[in-house]
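J.: So the chains spell out like this:
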Amino acid sequence: MRGMSQRKRFVRLLVAALAICLPQLAVAASEGQKQQAERQLTQPLNNAPVWRDVRAGEGNPYQTTQVRGIETNVLIQSEGEIWREIRNGPVTVYGGLFVLIIASIIGLFHWLRGPIKLRERPTGRWVKRFTDWERLVHWSTAISFLVLAVSGLVILFGKYIVLPVFGGSVFGYAVFSWLAAISKNLHNFVGPLFIVCASAMFVTYVKDNLWRSYDFRWLGNSGGMLWGEHVPSGKFNAGEKVWFWFGLFLLSIVLAVTGLILDFPNFGQGRATMQLVNVVHAIAAVIYMGVAMGHIYMGTVGVEGTYDSMRISGGDGSVDETWAKEHHEYWYKEVIASRGREAAPTGAAAQPQH
Amino acid sequence: MARMKFLADAERCIECNGCVTACKQEHDIPWGVNRRRVVTLNDGMPGEKSISVACMHCSDAPCMAVCPVDVFYKTSEGIVLHDKDLCIGCGYCFYACPFGAPQFPQDGAFGLRGKMDKCTFCAGGPEPDFSEAEFRKYGRNRIAEGKLPACAEMCSTKALLGGDGDVIADIYRSRAITRGRGSEVWGWGTAYGRPEKKPAAQPPGAKS
Chain B
1 MRGMSQRKRF VRLLVAALAI CLPQLAVAAS EGQKQQAERQ LTQPLNNAPV WRDVRAGEGN
61 PYQTTQVRGI ETNVLIQSEG EIWREIRNGP VTVYGGLFVL IIASIIGLFH WLRGPIKLRE
121 RPTGRWVKRF TDWERLVHWS TAISFLVLAV SGLVILFGKY IVLPVFGGSV FGYAVFSWLA
181 AISKNLHNFV GPLFIVCASA MFVTYVKDNL WRSYDFRWLG NSGGMLWGEH VPSGKFNAGE
241 KVWFWFGLFL LSIVLAVTGL ILDFPNFGQG RATMQLVNVV HAIAAVIYMG VAMGHIYMGT
301 VGVEGTYDSM RISGGDGSVD ETWAKEHHEY WYKEVIASRG REAAPTGAAA QPQH
Chain P
1 MARMKFLADA ERCIECNGCV TACKQEHDIP WGVNRRRVVT LNDGMPGEKS ISVACMHCSD
61 APCMAVCPVD VFYKTSEGIV LHDKDLCIGC GYCFYACPFG APQFPQDGAF GLRGKMDKCT
121 FCAGGPEPDF SEAEFRKYGR NRIAEGKLPA CAEMCSTKAL LGGDGDVIAD IYRSRAITRG
181 RGSEVWGWGT AYGRPEKKPA AQPPGAKS
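Protein chains in written order, with the numbering used here: chain B, 1 to 354; chain P, 1 to 208.
With the rest of the complex left out, here is chain B:
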């Protein structure tokens, strides 16, 4: 009993000595060090504060390793698990569903409503809508977008959709690996190209996409898409302007910034950055693809005569006057006014001008 109490006294003395010494030793140390010193006073042998540092350490000069590299002095980076849960969970599942649902809605619209036809007969007179430069910029952006979309889909969903097609054979794995490697490299090199194209596109098209008061009316009537009433608009209607500002402008910026961070790991970005940025990139990309599908549908089979304006071959960027009048009436009137003649009544027989 006597020995016991002596030892107790010794321990108390030691603790008191440590209480004096430790805070001084820990002056320059991390918060975890201070906590550890305090913890030893209340709960000797409880090293929890030390072990908390296991999951931290970035920028802590007292947590070291001889190995050079990104975050090599961090023992455990547990946020990777969160990233995994989000990427393999909602991003893959809901992202995939989102793309499929948008595609189905477009398909259903096409099936039920059908393509939007011209109400009156084409005049055969043509109005110049897009210059060579405008079409070149559009298609550079569009093609690089499609390359990015397809390669991105392979990287995100290929494991679940393409790889099982081969039935897990060695040959199948090799083929899919080639596909994925090509996709990854195309994605990484076409990405910066897309930024250049999209920037040129923004500069080229911005003046016609400024928001006007009549655009609200267009939106309110959903552009006459559903009930077929006529809603006038400028060179671009409100739907196109939303696509321009939300898609080409906002989503492009989000994807460009996050994409560049992912594409250039040579600046030593940490894992936490990459995880966050990867999720943002994937979500923005999936939304972009969904909206793009709508744009592609409307620009090709969805609206009769629209594709003429963007033709590279077999057209010079002109549209029929009937199309111009029915879809972009204000713009049509401007063009006609600038030509210095009255807007011709639609349906009137006229000589083809080209």
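Because the hints were derived from the structure by calculation, they are not lab data. Just to be clear, a hint being listed does not mean it is correct.
What follows is a list of derived Cβ distance ranges for each label pair [stated by the list, open to error]: (1) 193(B) <-> 166(P): 54 to 64 Å; (2) 46(P) <-> 175(B): 50 to 60 Å; (3) 130(P) <-> 300(B): 54 to 64 Å.
Straight-line Cα separation of at most 25 Å, DSS-like style, residue types lysine-lysine; simulated pairs [stated by the list, open to error]: (4) 115(P) <-> 159(B); (5) 147(P) <-> 137(P); (6) 84(P) <-> 115(P); (7) 235(B) <-> 333(B); (8) 159(B) <-> 137(P); (9) 128(B) <-> 235(B); (10) 24(P) <-> 147(P); (11) 84(P) <-> 159(B); (12) 24(P) <-> 74(P); (13) 137(P) <-> 74(P); (14) 84(P) <-> 74(P); (15) 159(B) <-> 74(P).
Residues from chain B that keep clear of chain P, each with C-beta distances beyond 10 Å, as calculated [stated by the list, open to error]: (16) 108; (17) 212; (18) 306.
Everything numeric in this text was worked out from a predicted model, so none of it was measured. We treat Cβ as the ideally placed atom computed from N, Cα and C, and that holds for glycine.
With chain B fixed as given, assemble chain P onto it according to the hints.
T.: Just chain P, lined up with the frame of chain B:
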């Protein structure tokens, strides 16, 4: 069947980096790639601890889950291996791994990272055992030779244990008991509060 594991005893590690060197030497690993590293917590402070870390061959491996081309596979002994021929070098395994185990020979612009390299538990890869291709891509296959990982075998203080999980857990448990301080190494003071007297030794065979 054995379930292979690594166990790093922080009470024994002296940060000699022998495991790191043994690994690099055994597998002829190029500069910039480090399958194993030693991290020191509170370096130069009282209570400094060092731990050797590499691929921990997780049961539910995050790298395996996020890999877009499914290059990872698990041996019957629980060793997580990968097929470098299929790797596209996207870096996702590196983002997901909590231990920083996946390594890339480059971290170049445009995401050119090269093929991922990581600890194989000295078990090689999908190529035939002892083949030249296997050595070139994954290093020596010591498991096929009937040996344990070089890092653990070389550890001068036997701080790093590698092998059948049951066996190394028994070794570690006996150490913790004979140290007479219970499992304070892992912060068990929290569970039992401030000890009023010497904690009773755990009964042999109890799970720690």
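J.: Quick one, are residue 147(P) and residue 137(P) close enough, alpha carbons at most 25 Å?
T.: 19 Å, holds
J.: Non-interface claim for residue 108(B): all C-beta distances to chain P beyond 10 Å?
T.: 31 Å, holds
J.: Closest CB-CB distance from residue 212(B) to chain P, is it above 10 Å?
T.: The assertion about residue 212(B) holds, with a minimum of 41 Å to chain P.
J.: Tell me if the straight-line CA distance from residue 235(B) to residue 333(B) falls inside 25 Å.
T.: The hint holds at about 10 Å.
J.: The hint says 54 to 64 Å between residue 193(B) and residue 166(P); measuring C-beta to C-beta, is that right?
T.: With a Cβ separation near 55 Å, residue 193(B) and residue 166(P) satisfy 54 to 64 Å, so the hint holds.
J.: Could you see if the CB distance from residue 46(P) to residue 175(B) stays within 50 to 60 Å?
T.: 58 Å, holds
J.: Please work out if residue 84(P) and residue 159(B) have their alpha carbons no farther apart than 25 Å.
T.: 17 Å, holds
J.: Sort out whether residue 74(P) lies within 25 Å of residue 159(B), counting only the CA atoms.
T.: 18 Å, holds
J.: When you check the alpha-carbon spacing of residue 128(B) and residue 235(B), does it fall within 25 Å?
T.: Distance of about 11 Å is within 25 Å: holds.
J.: Holds or violated: are the alpha carbons of residue 137(P) and residue 74(P) at most 25 Å from each other?
T.: Roughly 17 Å between the alpha carbons, so the hint for residue 137(P) and residue 74(P) holds.
J.: Below or equal to 25 Å on CA atoms is what counts here, so check residue 115(P) against residue 159(B).
T.: 18 Å, holds
J.: A range of 54 to 64 Å was offered for this pair. Does it hold for the Cβ distance of residue 130(P) and residue 300(B)?
T.: Given about 58 Å between the Cβ atoms, the range holds.
Going down the numbered hints, you'll see the structure goes against none, and every one checks out.
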